[in-house]
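A.B. asks: Protein chains in written order, with my numbering: chain X, 13 to 662; chain R, 13 to 662; chain C, 13 to 662.
A hint or two may mislead.
Identical copies look the same in the list; a pair holds intra-copy or inter-copy alike.
Calculated pairs, SDA-like style, for lysine to any residue (alpha carbon to alpha carbon, straight line, at most 25 Å) [claimed, not checked]:
id, residue 1, residue 2
1, K339, V462
2, K339, A391
3, K339, G300
4, K339, Q217
5, K339, A216
6, K339, R556
Source of the hints: derived by calculation from the structure; they are not laboratory data.
Model, not experiment: these values are computed from the prediction.
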Amino acid sequence: MEQSRWLRRTGPARLEYGADYNPEQWPRAVWDDDVRAMRTAGVTIVTLGVFSWALLEPAEGQYDFGWLDDAMDLLHRNGIAVDLATATASPPPWLATGHPEILPVDADGVTLGPGGRQHWRPTSPVFRTHALRLTRALAERYRDHPALVAWHVSNELGCHNVHDYSDDAAAAFRSWLRTRYETLDALNAAWGTAFWSQHISDWAQILPPRRAASFPNPTQQLDFRRFSSDALKEHLRAERSVLREVTPDVPVTTNFMVMGDTRGMNYADWAAEVDFVSNDHYVQPGPGRDELSFSANLTGGLAGGRPWFLMEHSTSAVNWQPVNRAKRPGELARDSLTHVAYGADAVCFFQWRQSAAGAEKYHSGMIPHAGEDSALFRAVTDLGRRLGDLATLAGTPRTPARAAILFDWESWWATEADSHPSSRLRYRQEALDWYTAFLNLGVRVDVLPVAAALDGYALVVAPILHMLPGALATRLTGFVAAGGHLVTTYFSGIVDENDHVWLGGYPGPLRDLLGLRIEEFGPLLDDEAVTLDNGATGTLWTDRIDVTAPDVEVLARYTSGDQAGRPAVTWRRGASYVSTRLGPAGLAPVLGDLLARAGVTSELPPGLRGRVELAVRGGYRFLINRTASPVELDDGTELPGTGVVIVAAR
Amino acid sequence: MEQSRWLRRTGPARLEYGADYNPEQWPRAVWDDDVRAMRTAGVTIVTLGVFSWALLEPAEGQYDFGWLDDAMDLLHRNGIAVDLATATASPPPWLATGHPEILPVDADGVTLGPGGRQHWRPTSPVFRTHALRLTRALAERYRDHPALVAWHVSNELGCHNVHDYSDDAAAAFRSWLRTRYETLDALNAAWGTAFWSQHISDWAQILPPRRAASFPNPTQQLDFRRFSSDALKEHLRAERSVLREVTPDVPVTTNFMVMGDTRGMNYADWAAEVDFVSNDHYVQPGPGRDELSFSANLTGGLAGGRPWFLMEHSTSAVNWQPVNRAKRPGELARDSLTHVAYGADAVCFFQWRQSAAGAEKYHSGMIPHAGEDSALFRAVTDLGRRLGDLATLAGTPRTPARAAILFDWESWWATEADSHPSSRLRYRQEALDWYTAFLNLGVRVDVLPVAAALDGYALVVAPILHMLPGALATRLTGFVAAGGHLVTTYFSGIVDENDHVWLGGYPGPLRDLLGLRIEEFGPLLDDEAVTLDNGATGTLWTDRIDVTAPDVEVLARYTSGDQAGRPAVTWRRGASYVSTRLGPAGLAPVLGDLLARAGVTSELPPGLRGRVELAVRGGYRFLINRTASPVELDDGTELPGTGVVIVAAR
Amino acid sequence: MEQSRWLRRTGPARLEYGADYNPEQWPRAVWDDDVRAMRTAGVTIVTLGVFSWALLEPAEGQYDFGWLDDAMDLLHRNGIAVDLATATASPPPWLATGHPEILPVDADGVTLGPGGRQHWRPTSPVFRTHALRLTRALAERYRDHPALVAWHVSNELGCHNVHDYSDDAAAAFRSWLRTRYETLDALNAAWGTAFWSQHISDWAQILPPRRAASFPNPTQQLDFRRFSSDALKEHLRAERSVLREVTPDVPVTTNFMVMGDTRGMNYADWAAEVDFVSNDHYVQPGPGRDELSFSANLTGGLAGGRPWFLMEHSTSAVNWQPVNRAKRPGELARDSLTHVAYGADAVCFFQWRQSAAGAEKYHSGMIPHAGEDSALFRAVTDLGRRLGDLATLAGTPRTPARAAILFDWESWWATEADSHPSSRLRYRQEALDWYTAFLNLGVRVDVLPVAAALDGYALVVAPILHMLPGALATRLTGFVAAGGHLVTTYFSGIVDENDHVWLGGYPGPLRDLLGLRIEEFGPLLDDEAVTLDNGATGTLWTDRIDVTAPDVEVLARYTSGDQAGRPAVTWRRGASYVSTRLGPAGLAPVLGDLLARAGVTSELPPGLRGRVELAVRGGYRFLINRTASPVELDDGTELPGTGVVIVAAR
């Protein structure tokens with residue numbers, strides 16, 4: 013894994029601060045104002061060129077780098093480093109109309125037109141050729157520019173184009189399947205094509221799961237998700253190869269979107285492909301700030317403890333939600349510092365100066381429409397100063413927690429597939445519920461990709477670990493055998509890597525470990541709920557559990573519904589099972605009990621637990637007020653509402 | 013009507029028991045386990061080959077019958093009969109990709125791809141050729157096989173492909189219209205093309221009702237529904253012709269879907285095309301068990317009192333609903349026996365062994381994922397034994413009730429067409445409301461296709477009989493004239509067979525019979541309700557009724573809303589009209605009154621009415637507990653919750 | 013502006029009364045009944061031929077005018093005038109199937125098929141040629157027919173086809189843009205193509221905003237709306253040119269749809285193209301009768317005080333809403349007379365005789381399905397008599413009110429564009445809220461297109477005047493400087509004509525006038541509300557207002573939410589700002605205050621305000637009962653519920 017190189021940069025370590033900078037949107041005269049204001053705000057780095065293809069290459073093979081030279085020089089003269097985009101995120105009109113064969117096609121066969129952004133097929137050979145030529149031209153132009161500290165491949169790869177059903181995609185999918193399965197016999201077995209007359213007798217018969225008369229084959233769908241993530245990863249690798257060839261000393265990244273419902277890209281699989289992890293994160297009204305913390309935490313997990321780059325978040329409102337709330341006083345700093353708490357060494361925004369025109373003109377920036385004379389720009393400047401004071405944090409790893417939540421993109425995909433016992437399951441929400449329950453108890457927890465090493469963790473929660481290949485089952489069983497505590501939930505351990513059900517009773521490979529066997533699922537209708545004898549309420553799901561081992565402890569039983577009298581939550585020698593959705597409140601007593609059994613305790617004084625979130629990094633404790641009200645800390649000082657204090661660890 | 017031949021079978025009559033059996037999903041070694049377990053469960057028959065085309069004909073014209081020979085022989089050796097599918101339900105990949113012109117096209121012009129099942133145009137000559145060739149090959153191969161007792165044409169014809177808008181469909185639609193109308197003048201008159209500039213001057217101008225700028229012509233839409241049902245019926249007839257030619261002694265069936273919202277196929281029109289009626293039925297959470305009883309009852313009506321075959325239902329959960337509930341203890345037997353009560357001579361499931369892979373792996377089977385050591389398989393075995401004990405029922409007709417509900421696919425289609433006074437009408441729900449009202453009063457009722465003979469019925473309910481051709485109006489009027497009692501409802505008697513409104517006041521041809529005239533409809537908004545002077549509440553609809561005959565009795569009047577003071581329910585010399593949606597509770601007093609006037613009484617003791625459903629067949633009374641609580645019968649025995657007892661009729 | 017010619021008609025002035033008349037739907041024998049009944053009903057005019065193309069031109073270039081000659085003659089003999097349609101609204105099947113290149117294409121690329129109506133591309137040269145040929149043939153045929161009093165171009169232009177994304181549309185869009193921008197530099201600047209790599213380097217790269225991978229460029233979308241409106245206007249002009257050439261003395265109109273959510277056609281821009289304005293209006297359950305009054309009022313505003321023609325409304329129910337209510341007693345007359353109150357000189361319906369077949373058979377007519385012996389036909393006849401008595405009103409202008417509400421199609425389009433601070437804003441609803449607030453206070457208000465002269469108005473309300481080009485800002489500022497009172501609301505004054513944000517703080521060009529500055533918007537989530545210190549509740553939106561001028565009066569402050577303590581409603585020297593959605597009830601006190609400051613008072617006695625709507629036209633006062641209960645007037649007479657009295661103005 014090469015993912016450890018930080019910026020090509022001289023000078024003392026610091027936390028970087030900045031934004032996407034799109035000077036081409038503004039007259040040249042504004043640029044001087046920009047760099048002056050950047051210095052006021054404490055900006056150290058900007059991302060340039062993300063959407064500049066049409067201006068950099070105004071016609072095929074004809075480049076106009078003059079304006080970018082000017083911007084690079086201006087920034088450098090002012091001490092601002094550049095994370096330079098390869099500018100391939102959005103193809104120019106001449107390419108989209110001259111080569112419509114680069115345009116993505118949806119499952120219905122509708123070609124997605126130009127006019128927005130990211131209208132390209134990940135597998136288009138034509139697009140690839142054009143993108144790599146521009147990448148090479150940029151790399152050769154700026155290889156020795158002193159402002160250049162990192163390469164930014166494309167932008168938010170897969171935000172709009174991850175699932176492409178074009179003929180290019182079909183050909184690439186076939187090729188990907190040949191690599192995966194080698195023989196049609198293996199593919200037919202994996203896909204279960206003996207059913208519904210789907211036996212494939214020639215590779216050419218394989219198509220993406222375009223809209224069909226009925227449910228497409230589930231393993232085909234799953235493989236198409238895997239392939240789609242891999243196809244974008246291949247694009248990343250292709251641009252990276254050019255960049256490494258020309259500028260072997262400049263680290264390469266691309267901005268992930270570990271955030272909300274974005275799920276098409278298996279970032280656990282991508283993380284090793286970048287020299288350092290970058291992430292974009294935007295807050296949404298419903299999931300709120302725990303989701304931000306969860307995402308930052310998981311991004312830290314993907315980065316394996318190394319520095320990562322918060323490439324985009326917002327100073328205030330965004331423009332793509334149904335209703336876009338402005339941030340309240342304090343939220344800007346709290347959001348940014350929460351990312352820092354989980355390992356971010358750079359805090360950047362989209363974008364420097366809020367656009368006056370175009371699709372993102374209502375997306376906030378570091379300088380709002382109102383200009384520098386604004387509360388927002390003052391808050392931006394305050395944050396810049398604060399980050400400047402935290403230079404000693406730069407490069408430090410997070411201090412691992414004693415508990416972890418496992419996160420697995422393949423289980424996410426598989427859990428929410430069609431024709432399941434319930435269409436209501438939400439993989440990420442269940443993980444987030446557990447995360448909130450940890451925060452409510454004041455206990456630190458790491459969010460980790462499922463393949464992460466579990467050494468040193470006393471308690472590991474694997475919510476809805478639906479897809480459980482044999483090797484993973486063995487690894488988790490070994491973790492418990494070695495003294496670890498494992499918690500898993502409903503609909504876990506159901507299928508192998510081909511989405512084939514483990515037979516003999518659920519959850520196949522975990523039956524012995526848990527000492528229980530489930531013959532039938534008991535999903536609940538939308539208006540149904542069941543009660544447990546610990547006072548909690550379960551929704552969404554139940555299981556008809558039979559206990560099969562004498563040493564199983566029933567931690568909670570159902571007292572209503574079809575499973576009344578049966579176990580709801582069990583524990584056996586460190587392996588625990590939660591068979592319904594309890595939500596954060598219902599999980600609190602269960603998790604409290606499990607933490608006690610695992611010997612994991614809160615590092616916060618009782619009065620702060622729940623109200624304050626604790627993160628530990630580089631010898632510093634981050635105390636983040638989760639509420640809007642002030643909290644008195646144990647040293648008598650007051651942590652303001654929505655505030656963060658960072659103190660040297662005791 | 014040939015629909016009377018039962019299975020080609022020797023030995024004493026019995027109720028058949030079994031499932032779809034798809035051995036090709038499993039290794040050969042499992043097959044021996046299968047047949048052993050089938051014997052344990054009392055299985056007498058299985059359906060083979062439904063989705064086997066890709067394995068039976070791995071390349072065009074090349075057959076591999078070896079594995080099927082093996083399965084047929086194995087089953088026969090174990091005394092299990094075979095209902096052999098023609099295997100044409102789902103075309104193999106080589107056909108779908110080699111001949112994409114067989115793929116259905118939706119109203120938007122989107123071609124539905126392979127990857128699921130049933131991706132074929134009912135009117136494709138290419139598909140037809142391939143399907144008939146396979147049918148012939150199978151028929152010739154197994155014509156004399158001793159296991160073969162019936163042919164199963166395709167599978168759930170029209171489940172996903174009933175409405176195809178392809179060019180093949182366009183050509184066939186034109187041809188169908190030429191047969192129906194003979195001249196363009198007749199078609200123009202029927203379709204009312206003088207409006208909206210739609211006059212057709214050449215047959216070639218006719219298209220399916222593809223997505224248009226505005227509402228397509230309603231009669232074109234209606235005829236397209238008729239044509240679509242007929243196109244599938246033609247496919248059924250084509251396969252049947254081959255089968256009858258090769259194996260004249262083997263009866264032919266296909267599985268209907270008299271169930272829920274499935275409405276594309278006019279089964280009243282199809283029933284005469286099969287040697288015996290088969291049906292698939294699945295319970296859905298909302299409509300519940302009365303819907304099951306209604307569907308079974310209607311299936312019995314389609315079968316005209318002859319034995320019918322419950323080809324598919326489920327032992328427990330299915331996989332295609334938003335949330336798929338497992339069946340509770342007792343529900344499996346109760347559901348199956350309710351079908352038997354209404355005439356089923358075979359109780360079969362989809363499928364024998366629950367799949368480990370593929371789109372239906374979460375659809376329950378006779379052997380669940382948990383295996384034979386499971387409550388479900390024990391319940392399956394119990395039911396097999398119970399059916400074995402009921403052999404004397406086999407072949408017996410149901411004993412007609414004294415009341416009937418008429419069901420008409422054409423009124424269903426016409427009622428729920430677009431650009432109507434209300435888009436909220438639900439034809440089948442109104443019929444089901446009446447059915448539940450009968451059950452609540454403990455009165456038996458037959459559900460009949462509208463063309464059924466009404467002799468012997470004292471009371472006939474025709475809910476929302478919207479499409480009322482003159483001949484039907486005459487027949488119903490004659491029924492009343494002969495002393496019968498007829499009840500009809502809002503939006504009945506409005507249009508003729510071409511969807512032309514009967515003029516002069518609604519309901520045109522029933523005005524004189526009912527002694528009333530309606531000038532305007534009074535549909536209700538979603539949040540509106542009206543009260544009646546009998547305490548009931550009406551929703552969905554009202555009518556502005558004027559009484560035109562002196563001998564009309566007003567059984568209930570509106571006391572609120574725009575029609576306050578006007579009649580809501582009327583009766584005139586045996587003809588009654590209900591002008592609003594009352595729902596089962598509101599219908600109870602009205603129906604009670606109407607039954608009394610018709611002299612129809614409950615055959616249940618007062619204490620059982622509503623709690624117990626009664627069906628009478630072959631000299632046996634089925635007492636079905638509609639509740640989850642035990643009910644004490646008049647002989648002092650207890651009918652358990654969700655239970656069924658079958659006693660010799662008194 | 014030629015829009016002043018009224019009908020080519022002799023005889024004394026009168027209010028016209030009639031309907032669309034489609035005799036071709038009925039046998040010839042019915043026509044005689046029709047004209048007899050028309051005379052009974054007081055019909056003076058009918059619209060003929062709207063959907064007759066297929067019968068008038070049964071094959072390309074072959075005409076059959078015989079039946080239309082007959083109808084024209086019959087009508088003329090009976091003293092009924094004809095507004096003759098050009099019959100081009102719905103192309104005949106031979107044209108749609110022979111020239112499928114006329115069919116519209118949606119944003120997904122789906123071609124909209126024939127089978128309904130209006131399936132033609134506004135920019136199709138092929139369609140245009142055919143339409144103009146028919147127009148010429150009709151004009152030449154009937155130029156001297158004495159029944160002909162006006163031409164009716166097409167029908168409801170744009171009802172279904174306003175946004176066409178076909179290749180014809182693409183070519184025409186490019187041509188339109190060349191005219192608007194002249195250079196690509198100007199277009200690139202206006203569209204802000206420097207962002208998202210959208211720089212256009214060749215006109216051929218421009219496409220309609222077909223479905224894209226992400227938000228299409230907002231100015232492209234806005235220009236496509238402008239172009240689409242203009243493309244239909246061009247069609248109107250093209251037919252008009254033919255008509256004026258052949259019959260220079262016959263006035264030309266086309267029926268607008270100032271009604272509900274119909275927004276694609278900028279009627280403020282179209283009004284000058286017709287010799288007199290016509291409108292179609294249908295009541296919908298939710299918005300109710302104030303919406304009717306608002307639409308009639310705005311139509312009067314479009315007509316600039318000249319007579320206009322209510323071309324279509326309904327006698328009772330329509331057929332295209334989810335649930336279609338019949339009109340209650342009195343509503344027919346009240347609805348019609350409300351249109352007359354705001355300047356209609358003709359009251360017409362769709363259609364004369366309710367269809368027995370086709371898509372609109374459940375749309376009410378002057379003669380319902382029940383026939384002439386019906387309450388509805390009697391009400392129609394009563395209304396005809398009443399209109400006959402109002403002949404002195406004919407040709408009179410409305411008496412301007414002292415207050416006005418400005419309505420702007422471009423702000424409507426721009427306000428509800430995507431990627432905005434809130435997707436919940438509803439431009440027309442806010443205007444309607446203000447209108448209802450005026451009615452509740454008993455104060456007359458004119459609804460005017462934004463370009464209307466404001467001389468003589470004391471108070472002008474500009475709700476959500478989002479798009480504020482500099483010239484308009486100057487004009488409004490001048491209005492206040494001249495002593496006028498201006499009220500505007502949240503999200504007003506935000507962008508210029510290219511949808512570029514005015515920088516420096518919102519609302520850019522109105523900051524000085526209002527004496528305030530807004531740095532950030534505060535849109536509210538769906539379940540959020542805020543309180544004001546005047547007791548009102550705000551929803552949907554708030555603004556973070558800073559007062560920048562010392563003479564600003566804060567009329568109401570927020571007392572909850574993020575803006576608690578800040579101004580909610582302000583006033584400065586006649587310029588007022590309302591920063592949240594108050595709804596009619598919440599607007600009442602605010603508007604009352606503003607009216608007092610502007611010196612505008614109610615012309616109704618206090619007891620009638622709110623219950624009665626007042627309109628003044630031609631020296632007559634229309635008193636319209638807004639309630640279902642009777643109201644005692646100041647002269648002691650009773651105005652019945654849902655009733656209208658018309659009295660000579662004092």
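A.B. asks: Hint by hint, note whether the structure agrees.
C.D. replies: Hints, one by one, checked against the model:
In this assembly of identical chains, the alpha carbons of K339 and V462 never lie at most 25 Å apart, being 33 Å within a copy and 35 Å across copies at closest. For the identical chains of this complex, K339 and A391 are intra-copy neighbours only, at 11 Å inside a copy versus 59 Å across copies, given an alpha-carbon limit of 25 Å. Taking the shortest Cα distances, K339 and G300 sit within 25 Å of each other inside one copy (12 Å), while across copies they are farther apart (38 Å). With identical chains, the CA atoms of K339 and Q217 are never at most 25 Å apart, being 52 Å at best within one copy and 39 Å at best between copies.
Taking CA atoms no more than 25 Å apart as the test, K339 paired with A216 passes in neither setting, with 52 Å inside one copy and 42 Å between copies. For a Cα distance limit of 25 Å, the shortest separation of K339 from R556 across copies, 12 Å, qualifies, whereas the shortest one inside one copy, 45 Å, does not.
Checked against the numbered hints above, the structure violates hints 1, 4 and 5; every other hint is satisfied.
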